[in-house]
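So the protein lines, in turn, are chains A and B. Going by UniProt numbering, the residue at position 47 of the first sequence is 47; the numbering climbs one at a time, nothing skipped. Going by UniProt numbering, the residue at position 42 of the second sequence is 42; the numbering climbs one at a time, nothing skipped.
Wrong hints could be hidden among the right ones.
What the hints assert, rightly or not - Heads up, incomplete: computed chain B residues facing chain A, CB under 10 angstroms, no partners named: (1) Q172; (2) E174; (3) D317; (4) K331.
What the hints assert, rightly or not - Restraint ranges, calculated between C-beta atoms of paired labels, are given here: (5) S354(B) / N114(A): 54 to 62 angstroms; (6) N114(A) / G50(B): 54 to 62 angstroms; (7) D277(B) / N114(A): 44 to 52 angstroms; (8) D176(A) / N126(B): 41 to 49 angstroms; (9) D332(B) / V238(A): 27 to 35 angstroms.
Everything labelled a hint here was simulated from the structure, so no lab data went into it. Computed from a predicted model, the values in this text were never measured in an experiment. Even for Gly, the Cβ is constructed at its ideal location relative to N, Cα and C.
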Amino acid sequence: MRKKHFLVACFIAVLAGFIAVNLLLSQSPYIEALSDDTIDVSDINISDYLFIFKGEQNTVFFRKNTIEKQVVYDNKPLTSIALSPSQMQVGFFYHPNDATTEEASLVIYNLYENTFQKIYHTTFASWDIRGALYWLDDAHVFFKRHCGTSCHGLTLLNIKSKSTTHAVLSFPPLPDMPEKTHFKDWFGNEYEMEGLVDDVRSVTENGLHYMVFMLKNYEGNSVGQKRFLFTGDALEDVSISP
Amino acid sequence: MLGKKITEPEPVEFEITTFGLYAVSITARCQSGKLLGIRGGENLRVEIDGITLREIPPEDKPQYVDIPPAWNGTQLKGLSKTVIFLLPLNKGKHILKYIPKPSATIEQYSITLFHNVPNITFDLNNQAEDGDRRPWYTFALVNLPLHSLSVDATVNWHWFDGDDVKLIIDGQIEENFENKRWKDWFWHATVGQVFSGQKREQQSFTKNLQKGINYIELWADRMPILHSVTLNLGDFTPNRIPSVDDPEWTGDFGDDTDQIILARALFGEARNTLVPDEARIAIGWVIRNRVEDSRWPDKYYQVITTPEHVSSFNEGDENRPYVEDPLQTHKDIDQGAWIHTCDIAGKIINSKLSDPTKGANHYYDDSINTPGWARNEKPIFKITYINASQTESTIYFYRL
């Protein structure tokens with residue numbers, strides 16, 4: 001008799017566990033995406049954006065616990081993604097045309113209104129988009145673009161007016177010249193940095209938005225960084241001299 | 001064909017069953033113009049899989065016949081010369097092409113796989129035909145480094161004259177400091193050998209030459225004996241060689257042929273069909289002009305991978321995956337563009353396309369502000385095209 005009661009209790013416990021797990025999973029924002037290896041960008045919770053990372057070959061992945069999925073929009077893989085400083089908008093690049101990677105679009109996804117707006121499109125992605133997407137404030141994004149030899153372009157895009165302006169980073173044109181980078185910004189100001197700009201990022205601290213240049217030497221070793229405060233219509237050099 | 005005079009380009013197809021480092025050895029004979037009564041005499045050069053070798057270091061006007069891995073009748077005066085091309089070869093079919101001008105006699109050819117890389121020994125035991133100073137052996141290292149080499153040779157005295165052997169590495173004569181009068185001939189027979197007999201010497205040389213095209217020449221005077229040549233390729237290990245059909249990089253752009261690394265650069269920088277071919281060719285020449293300029297390294301892959309010079313090769317650049325594997329998208333449009341850029345790259349390297357820029361070594365596209373390095377310079381060439389916004393853009397070319 002006791003044995004029978006024990007078996008019934010075990011059955012009820014297993015059933016309860018199964019129901020509980022299913023209830024929990026049904027509340028997950030990405031439950032529908034579990035059926036394949038991709039997840040639509042709109043199915044990711046704001047709190048889960050820290051689980052998004054850039055994969056190899058210009059891909060974007062979402063990884064949480066044991067789940068790893070490629071992030072897509074309209075069933076097409078994203079190539080870059082960034083959350084705005086206010087965390088109200090997500091910007092991302094993707095290739096809308098399956099036949100070519102030369103077509104690329106920048107879409108702004110408003111997380112609170114659940115709306116998507118295409119604000120930039122090119123059929124010359126191999127020159128127009130040469131790096132990851134970064135927000136400077138909630139109205140501006142920037143990304144690298146082609147320039148030529150020993151230089152990089154930087155495109156600033158106003159997401160409201162959809163207008164673009166270009167800055168240029170210039171490197172030593174001949175080998176063995178001093179490791180310096182010349183920067184002409186979007187507002188006509190020019191700067192010279194000690195070191196070669198390896199990467200350009202943005203960061204928001206205490207409500208202020210900064211553009212950060214990571215600097216290296218010819219051997220590829222870090223030689224520090226240079227910071228500029230972005231005010232919407234100017235960049236201000238706020239680096240502390242060593 | 002062996003032993004016969006050829007008067008037309010002769011392609012010879014051969015098949016390799018195992019990837020590895022191979023020696024393609026060719027012995028041929030060319031007569032001088034004086035003997036034949038024709039101006040310039042006979043000449044012969046060889047292409048393997050379309051690789052056209054030229055002089056080291058590169059000069060303004062490329063030389064293809066008067067170079068170490070070719071046969072020049074004026075120098076040989078009818079004597080034979082052996083050229084050993086040492087290069088990695090992928091599994092599959094390959095083409096060896098003899099290009100005579102106007103004629104030449106092919107005497108021997110062989111293909112040997114080496115297993116004991118990086119130390120490679122050629123047991124030759126060959127005595128030169130009797131004759132005055134002329135090229136005898138050339139080892140053409142294709143896309144290979146050279147740490148050191150040793151040469152084992154014998155010289156003897158014959159009545160009024162002795163044998164001599166000269167060693168030239170990438171155009172530099174190895175000097176014999178023990179004999180000022182015969183300093184260019186490292187192995188030199190002396191009159192004293194009438195009594196002491198022949199002299200056999202093995203000499204070693206440390207060179208530390210970088211991966212690329214490197215030539216080792218041995219010249220003979222009279223009839224010395226070459227016993228062996230041992231090459232040490234340092235830390236080189238043969239990797240698969242990326243090709244037009246299989247261009248995925250090995251993890252080291254130094255494994256690319258010049259054509260493939262230049263094609264990668266053109267694909268990364270200018271694969272879009274909006275870029276006119278004229279611009280593609282001009283950008284390719286910007287890179288070649290740097291290779292031929294002493295201010296830059298003299299290897300294509302070194303020029304192209306110089307930090308921040310060709311941005312598509314920068315880590316993190318959106319185009320980097322495209323230069324690592326041009327066919328990674330599996331899209332027809334990229335495959336077509338890749339084959340096209342390979343064709344252009346090959347023609348630039350082989351001078352089948354001339355330099356439209358007349359010597360440019362920099363360029364930029366005017367979609368953005370003028371880079372700092374171009375501000376006080378005048379462009380020497382420009383190309384206008386219609387960009388993605390249906391407006392005119394101009395690519396400016398500079399010689400700094």
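* To do: Check the following: the C-beta atoms of D176(A) and N126(B) are separated by a distance inside 41 to 49 angstroms.
  => holds (45 angstroms)
* **N114(A) versus G50(B) beta-carbon gap, inside 54 to 62 angstroms or not** => Check passed, 57 angstroms falls within 54 to 62 angstroms.
* Classify the hint on K331(B) as holds or violated, based on whether any CB of chain A lies nearer than 10 angstroms to its CB. => Check passed: Cβ of K331(B) comes within 6 angstroms of chain A, closer than 10 angstroms.
* Asked: Regarding the hint that E174(B) lies at the interface with chain A, is the smallest CB-CB distance below 10 angstroms?
  -> violated (29 angstroms)
* **Minimum beta-carbon distance criterion (10 angstroms), Q172(B) to chain A** => violated (23 angstroms)
* Outcome of range test on Cβ distance (D332(B), V238(A); 27 to 35 angstroms) -> violated (49 angstroms)
* Status of the hint placing D317(B) at chain A (closest C-beta pair under 10 angstroms) -> holds (6 angstroms)
* To do: With 54 to 62 angstroms as the target window, see if S354(B) and N114(A) comply at their CB atoms.
  => Given a distance of about 58 angstroms, which is inside 54 to 62 angstroms, the answer is holds.
* Asked: Does 44 to 52 angstroms hold as the CB distance between D277(B) and N114(A), or does it fail?
  -> Given a distance of about 46 angstroms, which is inside 44 to 52 angstroms, the answer is holds.
Of the numbered hints given earlier, the model fails hints 1, 2, 9; all others are met.
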